Amino acid sequence: AQSVTQLDSQVPVFEEAPVELRCNYSSSVSVYLFWYVQYPNQGLQLLLKYLSGSTLVESINGFEAEFNKSQTSFHLRKPSVHISDTAEYFCAVSEAGFQKLVFGTGTRLLVSP
Amino acid sequence: EADIYQTPRYLVIGTGKKITLECSQTMGHDKMYWYQQDPGMELHLIHYSYGVNSTEKGDLSSESTVSRIRTEHFPLTLESARPSHTSQYLCASSGPGQGSTQYFGPGTRLTVL
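Residue numbers (the working numbering), protein chains in the order written: chain L, 1 to 113; chain B, 1001 to 1113.
Honestly, I wouldn't trust all of these hints.
Listed below are the simulated DSS-like cross-link pairs for lysine-lysine, each with C-alpha atoms no more than 27 Å apart in a straight line [as the list claims (entries may be wrong)]: (1) B:Lys-1031 x B:Lys-1057; (2) B:Lys-1031 x L:Lys-49; (3) B:Lys-1057 x B:Lys-1018; (4) L:Lys-100 x L:Lys-49; (5) B:Lys-1057 x L:Lys-100; (6) L:Lys-100 x B:Lys-1031; (7) B:Lys-1031 x B:Lys-1018; (8) L:Lys-69 x L:Lys-49; (9) L:Lys-69 x L:Lys-100; (10) B:Lys-1017 x B:Lys-1057; (11) L:Lys-49 x B:Lys-1057.
Some chain L residues well away from chain B (every beta-carbon gap over 10 Å; in silico) [stated by the list, open to error]: (12) Thr-55; (13) Glu-58; (14) Asn-68.
Bear in mind the hints are in silico, worked out from the structure with no lab data behind them. Computed from a prediction, not measured in an experiment: that's the story for all the values here. Where a beta carbon is used, it is the ideal one built from N, C-alpha and C, also for glycine.
The shape of chain B in the complex, shown without the other chains (with noise of 0.2 Å):
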């Protein structure tokens, strides 16, 4: 079973609140990812880094930023939550080689009133 661990699990919060969405894994993976998933829709890539002080944009536009100070660490912040915003957040990590599996966390869902 894959060590990747996301919270909070279930977030409610109001317009205009900043926010952090945390996301740990303990395999020393360097590559990290954060996905998008909406009911009934595909996962989309929002952000990526390849390493400690490397981030990329995904696919898919997100207002969110994210940070990779420490290899096992990958936190997702939000200035300025919006409805707009509200959908389920998945962080997953992968080790080297190519076509190495990405090893999903939990998952956070986040509602925003």
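Looking at chain L on its own, in the form it has when it is part of the complex (with noise of 0.2 Å):
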């Protein structure tokens, strides 16, 4: 079975500083690799995946995101973050083949200026 572990429940950071929310996982088969994004009072949004292919994946708000099987990792990477990015990240995975996630217990990101 996959477990996610997201190990910092809370990362405070300050506007235009850089930011790394980390993300653990545990499979003992191939795996597709998710980042949600969810602010308040709103449903998850896909922010970026790892499917297959090139290891570094991008989303179109700066966030990235590198796949590192020996690790076991899919950390999340911005190096410049905005007020406007405040909100619970949730790392998840999938077995490659399989459409059920398993989602880490999220992390809260808190801009402040």
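Can you join these two chains into the complex? Each is in its own frame, and there are hints to help.
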């Protein structure tokens, strides 16, 4: 069975600072990896995903994540955050070929001026 | 933006009442899911469907039931609500193909008194 660990429940940063949100997973088979973002009182939205190919994936709003198979990690990074990036971020994994997602507990990113 | 809707957004109800949480999507997706999300916790899959007349229980045991009579509609029912059912319920859908994105509704926050 797969599992996802998000080590940080909350990450406070100042605006324009870089940030890294950590995600580690465990699985005995090939996986697909996802980052979802949840803004207050909203559902989850896909930020980016890794299925295959290049291990570095990027989102349209400046986030990127790198799949590291040896370290079973899929950390999310942004070189310069904005106030509007304040949200809950969830890492998720699914077995390749299956649709069911297993989510981590989430990391709350708090960006202050 | 994904077209997936949930009603009601908020529901406060007394113990023992029967409730139905509605979920509809207009994207023609075959796969639909229900997740339960408690504050500060990961999302847990409680039900999923891969098409009309197909429903399966998820990883987290739930006293709720679901039905899938139409592609676009995936309601969740609690026959007799209890305070332990207090939670946020998120509905999602996804299209064909491996690793396809799950699109989430805004959620229903249920409080059982």
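So, going through the hints one by one against the coordinates:
1. B:Lys-1031 x B:Lys-1057: holds (14 Å)
2. B:Lys-1031 x L:Lys-49: Status holds; Cα separation ~19 Å.
3. B:Lys-1057 x B:Lys-1018: holds (20 Å)
4. L:Lys-100 x L:Lys-49: Holds, at roughly 14 Å.
5. B:Lys-1057 x L:Lys-100: Between Lys-1057 of chain B and Lys-100 of chain L the Cα gap is close to 11 Å, so the pair holds against 27 Å.
6. L:Lys-100 x B:Lys-1031: holds (10 Å)
7. B:Lys-1031 x B:Lys-1018: holds (26 Å)
8. L:Lys-69 x L:Lys-49: holds (15 Å)
9. L:Lys-69 x L:Lys-100: holds (20 Å)
10. B:Lys-1017 x B:Lys-1057: Holds - the C-alpha atoms of Lys-1057 of chain B and Lys-1017 of chain B are around 22 Å apart, at most 27 Å.
11. L:Lys-49 x B:Lys-1057: holds (25 Å)
12. Thr-55: holds (15 Å)
13. Glu-58: holds (15 Å)
14. Asn-68: holds (18 Å)
In summary, this structure violates none of the numbered hints.
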